[in-house]
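Chemist: All chains, please: the whole structure from these sequences, using the hints.
As given, the protein sequences belong to chains A and B, one line each in that order.
With this note's numbering, the residue at position 294 of the first sequence is 294, and numbering never jumps.
One gets this note's numbering by counting positions in the second sequence from 1 and adding 1000 to each.
Worth double-checking, as some hints may not be accurate.
[Said to hold, decoys possible] Once the Cα atoms are required to be at most 30 angstroms apart in a straight line, the calculated DSS-like pairs of lysine-lysine come out as: (1) LYS54(A) to LYS76(A); (2) LYS98(A) to LYS83(A); (3) LYS199(A) to LYS1082(B); (4) LYS262(A) to LYS213(A); (5) LYS1020(B) to LYS272(A); (6) LYS1082(B) to LYS2(A); (7) LYS253(A) to LYS1069(B); (8) LYS253(A) to LYS1082(B); (9) LYS264(A) to LYS1081(B); (10) LYS1081(B) to LYS1008(B); (11) LYS1107(B) to LYS1173(B); (12) LYS259(A) to LYS1020(B); (13) LYS213(A) to LYS1082(B); (14) LYS2(A) to LYS1081(B); (15) LYS226(A) to LYS1138(B).
No wet-lab data here; the hints were simulated from the structure.
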Amino acid sequence: MKEEFSKFANNIRLTPSQKDDAKTKYNGVCKKLHTSYYDTSYDGSTKFLFGSYKTKTNVRPITENQDVDVLFKIPKTTYEKFKAYSSNGPSALLQEVKKILSEKYTTTDNIKTWGKVVKITFADKTHNVEVLPAFEKEDGTFKIPNSENGGSWENFNPRGQIDRFNSSNTVTDGLTADLTRMIKTWVDNTSTCNYKSYKLLEDVIAFLNSNFKSGATYSEYSSVVKSFFKYLSNHCSEGLKNHAKTAFDRAVKAYDFEKEDKPKEASETWRKVFGSEFPLISSNPAKEQNTRVFTNPSLPYGY
Amino acid sequence: MAIKTLNKTEIELLTNEYPKLRYDVGKNVIKGILPFNLKFGPDGVVIIDQYEIEIDLNNVSEFGIPIIKETSNRIVEIAAKKGIPPIDLHLNSMNGSMCIIIPPKAKERYPNGFDLKELLRHIEEHLYWISYFEKYNKTPWKTYGHGDLGYLQLYLEDKIKYTSDFKEHFSCKSRPEFRRKIKELKKTYDL
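Modeler: Here it is, written out as structure tokens:
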């Protein structure tokens, strides 16, 4: 299934125009905030992208649930001003950010604040931006506002997972990103499957730390996916277990079809796992050879 | 080690019967996928499987066996999955090539030296052995032990037939030396 996995991996990657669209949107949000909070011109340094848009593990087709996660670095004076509030400074900061963004995103776009973020839902419902106003500490971690339960300031370190991802993705020659996207596609194709992106990425990294350590070719992807589902079945929460086991059983079936030279059945079975982005093979090749019976094999040796 | 290049008939054999294998003339290697559909004995298990292999024709032994490697790392992964060293699945510990036959037996299977058709059938059967072990956790037929043990087992299998091979392998120049070696190995391997 080398060709099919290669096509599939490509089918679920964002297109250049989708990437550009996302970039325009999150830069637009951060530029507006930068102009309000700083006297300097915007050069992107007050923006910190994290999550799947940072690791480029977001998948097609784009849905309105796929948000761009971005931190906007607020000045120290702003952080100290809101931190000094006697009641819910975090909420006041989020409201201020919302107000600033409302000056730019007026009629058709929707802006809401909740919890720790301000979310801008665009008219086309794609690449909606969740912006976290955050104060960057000297150690590179952030203080972020949480407006719930009276308000608090939380520590946040998105760089940790990004570093782990980059390290794994380099060692596995891109397999970490490919496998993450494939598993996200499985999640999207599996109703009632609640598997958070953050946990999914951690699981993929941990799995590849002990399996396929140096990456894999497309011809090995069926084996990679099958092994991952087995790993997941043994390492996931109860709520995910049945989904993972069903996926593993299907992956084993697809893998066996492939080995039996039945790519049509293999592709149909992979579609049950991944949905219609997985290429469908319409017919099997003519049998190359019938079963050969042999009776006097040579004994393997070793040295 | 000798260099063997494929002739027209051998290239046609690949094209017609093994279309997933390609002969790289420049590198003088055969590379690609070797599918098989085999049954060991009339009542045996049918296994349909395939492996990615590379046959290096620049290194062909005096008995006609080239260096053969499984290139997708599957055998190593099977060994890891089963918790055994790759050498137990007959991978050469020095270069990772497949140890498909003990040299004296190669003389019997390849009486005229290199024979591509026979070699590919041989590799298929060897890979059947691997796939069978992967699936059933047992071997479909026995194997020779590693290194010196294999030669002792071969000698014990047919003392008349394999005496000269044994002597040659251990460089035994006299009969007493030969007898001492047998005794020493039997003691070492408790046979």
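Chemist: Tell me, in ascending order, the numbers of any earlier hints that this structure violates.
Modeler: The structure breaks only hint 10.
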